[in-house]
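J.: Listed below, chain by chain, are the residues.
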Amino acid sequence: MRRSIMRLSMGLAVFAALLGGGAANAAAHIQVAPAVAAPNDAVRFDVLVPGERSDASTTKVALKVPPGVLPYSFGETPGWSRQLVLAKDKSVAQIVWSGRVEPDAFVEFSFLAATPPRPGVIAWKALQHYSDGSVVRWIGAPDSAEPAAQTEISAGAALQNAGGEGPGGSGEEAEARTESSEGSSGSDDRLARVLGIAALALAAAAGALAWRRGRST
Amino acid sequence: MALAAAALAALLLIPSVSAHEKIVATKPSGSAKVGLRSVVVSFSGPIRGGTLKVFNANGRKVSKGKGARDPRNVSRLRAAMKGGVGAGRYTARVRWVGADGHHQSSSFRFRLVR
Numbered sequence: 000m001r002r003s004i005m006r007l008s009m010g011l012a013v014f015a016a017l018l019g020g021g022a023a024n025a026a027a028h029i030q031v032a033p034a035v036a037a038p039n040d041a042v043r044f045d046v047l048v049p050g051e052r053s054d055a056s057t058t059k060v061a062l063k064v065p066p067g068v069l070p071y072s073f074g075e076t077p078g079w080s081r082q083l084v085l086a087k088d089k090s091v092a093q094i095v096w097s098g099r100v101e102p103d104a105f106v107e108f109s110f111l112a113a114t115p116p117r118p119g120v121i122a123w124k125a126l127q128h129y130s131d132g133s134v135v136r137w138i139g140a141p142d143s144a145e146p147a148a149q150t151e152i153s154a155g156a157a158l159q160n161a162g163g164e165g166p167g168g169s170g171e172e173a174e175a176r177t178e179s180s181e182g183s184s185g186s187d188d189r190l191a192r193v194l195g196i197a198a199l200a201l202a203a204a205a206g207a208l209a210w211r212r213g214r215s216t
Numbered sequence: 000m001a002l003a004a005a006a007l008a009a010l011l012l013i014p015s016v017s018a019h020e021k022i023v024a025t026k027p028s029g030s031a032k033v034g035l036r037s038v039v040v041s042f043s044g045p046i047r048g049g050t051l052k053v054f055n056a057n058g059r060k061v062s063k064g065k066g067a068r069d070p071r072n073v074s075r076l077r078a079a080m081k082g083g084v085g086a087g088r089y090t091a092r093v094r095w096v097g098a099d100g101h102h103q104s105s106s107f108r109f110r111l112v113r
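Sequence order for the protein chains is A and B. Under numbering that gives the first Met the number 0, think of the first position of the first sequence as 0, with each following residue one higher. Under numbering that gives the first Met the number 0, think of the first position of the second sequence as 0, with each following residue one higher.
Just so you know, not all the hints are guaranteed correct.
Stated by the list, open to error - Keeping only pairs whose Cα atoms sit at most 16 Å apart, straight-line, the calculated EDC-like set for lysine to aspartate or glutamate is: (1) A:Lys63 with A:Asp45; (2) A:Lys89 with A:Glu75; (3) A:Lys124 with A:Glu145; (4) A:Lys87 with B:Asp69; (5) A:Lys63 with B:Asp69.
Stated by the list, open to error - To be clear about the criterion: a stretch of chain A counts as covered by chain B if any three or more of its residues have a C-beta under 8 Å from a C-beta of chain B, and this derived list gives those stretches: (6) 125 to 136; (7) 142 to 154.
Unchecked claim - A few chain A positions that, by computed beta-carbon distances, are all more than 10 Å from chain B: (8) Thr58; (9) Gly74; (10) Pro77; (11) Lys87; (12) Val91; (13) Ala104; (14) Phe105; (15) Val106; (16) Ala157.
Simulated from the structure, these hints should not be mistaken for lab results. For every residue, glycine included, the Cβ atom is placed at its ideal position computed from N, Cα and C.
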């Protein structure tokens with residue numbers, strides 16, 4: 000028991016370190032997590048925007064979506080509205096959030112997106128607008144004064160599968176996979192069915208337990 | 000405790016909300032004139048990719064290659080037709096992977112008329 004608690008707290012410490020690692024040295028920068036993601040995956044991206052001035056509030060954040068990234072679902076941030084700017088090919092070129100955050104506060108946005116099919120580094124250029132009309136352009140290199148956040152698309156990265164659909168893949172892979180097994184969503188359905196049956200069994204067991212307990216007291 | 004487990008189990012049974020991209024339009028739809036240059040399928044949202052192939056009544060492929068996402072629209076699949084395709088009934092088979100990674104397939108039929 001004690002060992003498992005120790006292991007848990009160690010795990011939490013590692014997790015906290017991972018979370019805080021980027022923040023510690025760049026407290027005022029717009030950050031985009033994760034720093035590493037797999038290609039052709041559905042990933043939840045989190046955009047952290049700290050207010051970095053004491054005399055003005057952040058009122059607008061415009062994030063440029065790197066080529067090959069396909070956002071398809073957006074988290075709602077209370078008090079903020081969202082606008083999508085589409086590229087010529089109708090993909091999302093920019094996400095613009097408008098609202099207001101106090102000078103000593105930060106605001107967080109999130110969205111789900113397909114990562115590019117090929118490994119490489121993608122940069123998240125962002126413009127941060129303040130209530131006094133000034134704009135900070137987070138578009139520089141990593142070692143610049145106003146760096147753009149980066150995500151490394153690496154084939155070795157664990158799949159996040161934020162879409163909840165099992166291993167993703169490009170359209171090309173889709174064909175190879177579906178040609179051998181009839182019905183593209185077959186495995187998904189099977190998994191869902193197994194989970195459903197397991198949940199039912201669990202519910203029945205729990206119900207029986209509750210009923211027995213209720214009778215014995 | 001047991002009730003909590005039951006509640007949790009009940010939650011697991013609720014189907015997940017999906018953002019799956021569906022087909023919203025096909026071109027052609029119904030019928031088109033002989034000499035059709037390409038077939039286009041439009042989806043409700045962006046797709047990572049997919050294939051689009053057209054077959055005649057004998058099962059012979061009458062579209063070029065495997066088809067692919069339209070370079071001009073990330074929510075579309077496009078396939079060019081081969082030359083000299085005559086009047087008749089055709090079946091288009093579509094497979095796609097949505098932005099969320101969901102694999103789906105479908106098909107639709109159309110006629111070519113003179």
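J.: Evaluate each hint against the coordinates.
T.: We went through each hint and held it up to the structure:
{"no.": "1", "hint": "A:Lys63 with A:Asp45", "verdict": "14 Å, holds"}
{"no.": "2", "hint": "A:Lys89 with A:Glu75", "verdict": "22 Å, violated"}
{"no.": "3", "hint": "A:Lys124 with A:Glu145", "verdict": "10 Å, holds"}
{"no.": "4", "hint": "A:Lys87 with B:Asp69", "verdict": "12 Å, holds"}
{"no.": "5", "hint": "A:Lys63 with B:Asp69", "verdict": "22 Å, violated"}
{"no.": "6", "hint": "125 to 136", "verdict": "violated (count 0)"}
{"no.": "7", "hint": "142 to 154", "verdict": "violated (count 0)"}
{"no.": "8", "hint": "Thr58", "verdict": "29 Å, holds"}
{"no.": "9", "hint": "Gly74", "verdict": "13 Å, holds"}
{"no.": "10", "hint": "Pro77", "verdict": "20 Å, holds"}
{"no.": "11", "hint": "Lys87", "verdict": "7 Å, violated"}
{"no.": "12", "hint": "Val91", "verdict": "8 Å, violated"}
{"no.": "13", "hint": "Ala104", "verdict": "30 Å, holds"}
{"no.": "14", "hint": "Phe105", "verdict": "27 Å, holds"}
{"no.": "15", "hint": "Val106", "verdict": "24 Å, holds"}
{"no.": "16", "hint": "Ala157", "verdict": "14 Å, holds"}
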